[in-house]
Amino acid sequence: NAGVMQNPRHLVRRRGQEARLRCSPMKGHSHVYWYRQLPEEGLKFMVYLQKENIIDESGMPKERFSAEFPKEGPSILRIQQVVRGDSAAYFCASSGQQNTIYFGEGSWLTVV
Amino acid sequence: DAKTTQPTSMDCAEGRAANLPCNHSTISGNEYVYWYRQIHSQGPQYIIHGLKNNETNEMASLIITEDRKSSTLILPHATLRDTAVYYCIVRVANSGGSNYKLTFGKGTLLTVNP
Chain D
1 NAGVMQNPRH LVRRRGQEAR LRCSPMKGHS HVYWYRQLPE EGLKFMVYLQ KENIIDESGM
61 PKERFSAEFP KEGPSILRIQ QVVRGDSAAY FCASSGQQNT IYFGEGSWLT VV
Chain Y
1001 DAKTTQPTSM DCAEGRAANL PCNHSTISGN EYVYWYRQIH SQGPQYIIHG LKNNETNEMA
1061 SLIITEDRKS STLILPHATL RDTAVYYCIV RVANSGGSNY KLTFGKGTLL TVNP
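So the sequence lines, in the order shown, correspond to chains D and Y.
Residue numbers for the first sequence follow my numbering, beginning at 1 and rising by one.
Residue numbers for the second sequence follow my numbering, beginning at 1001 and rising by one.
If we strip away everything but chain D, and leave its shape as in the complex, we get (with noise of 0.2 Å):
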């Protein structure tokens, strides 16, 4: 997991609160991936972007929930309008040309 920095580690917001969180890729890296884990659930994938462009949407929810990963500086991922079912681990993940898949130490959002 050397590499993927996410931040913050721990975040905590009440309902209907703005959530932001960060995700720098390892160094060369320019895809990255974002996945979302429910409590006691499995990962699941929310969307994947390169730089200044965003790939495959697919399991991102329709409203609330936005990414970027701009030309300079880190992915983030935003969530408007927090919700009690927002709290989650939220993993970011990188890859190269190497194609392999790299993931971070995870954000947990804790919506009160």
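If you are wondering where the hints come from, they were derived from the structure by calculation, not from laboratory data.
Don't be surprised by glycine CBs; every beta carbon is placed ideally from N, CA and C.
Only true hints are included.
A few chain Y residues that face chain D, going by a derived Cβ cut-off under 10 Å, partial list only: (1) Tyr1032; (2) Tyr1034; (3) Gln1038; (4) Gly1043; (5) Tyr1046; (6) His1049; (7) Val1085; (8) Tyr1087; (9) Lys1101; (10) Leu1102; (11) Thr1103; (12) Phe1104; (13) Gly1105; (14) Lys1106.
Using 20 Å as the maximum straight-line C-alpha spacing, the simulated SDA-like pairs for lysine to any residue come out as follows: (15) Y:Lys1003 with D:Thr100; (16) D:Lys44 with Y:Thr1008; (17) Y:Lys1052 with D:Thr100; (18) D:Lys44 with Y:Ser1041; (19) D:Lys44 with Y:Ile1039; (20) Y:Lys1106 with D:Glu40; (21) D:Lys44 with Y:Tyr1100; (22) Y:Lys1052 with Y:Tyr1032; (23) D:Lys44 with Y:Val1092; (24) Y:Lys1003 with D:Ser58; (25) Y:Lys1106 with D:Gly59; (26) Y:Lys1052 with D:Gln98; (27) D:Lys44 with Y:Val1085; (28) D:Lys44 with Y:Gln1045; (29) Y:Lys1106 with D:Glu41; (30) D:Lys44 with Y:Lys1003; (31) Y:Lys1003 with D:Gly42; (32) D:Lys44 with Y:Thr1005; (33) Y:Lys1106 with Y:Thr1072; (34) Y:Lys1106 with D:Gly42; (35) D:Lys44 with Y:His1040; (36) Y:Lys1106 with D:Leu38; (37) Y:Lys1106 with D:Phe45; (38) D:Lys44 with Y:Gln1042.
We have chain D; now place chain Y onto it with these hints.
Leaving out everything else, chain Y in the frame of chain D:
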């Protein structure tokens, strides 16, 4: 949807080899077999991957049958720290500049006992 089948759970004695099976009978010619594991409250960790030849690295060995319909991940000397959920995933190789996502199933909970 995940295209692999794994046992729900397995036990292994510390110091012994752990052999984790995976069935992927519908695998396509351009799909690799990947193995990841997730230790409790941590991010998934890449272990190994292969196409059709057996592979070995510092963590594990991957044995793929000749027809590619199944594979086995071998941890040669399991330790207590190897207790985790192990995921077997098939994934298309890189094509046209875009990589492909990983689709996780339920995996196998491997418990290494002292």
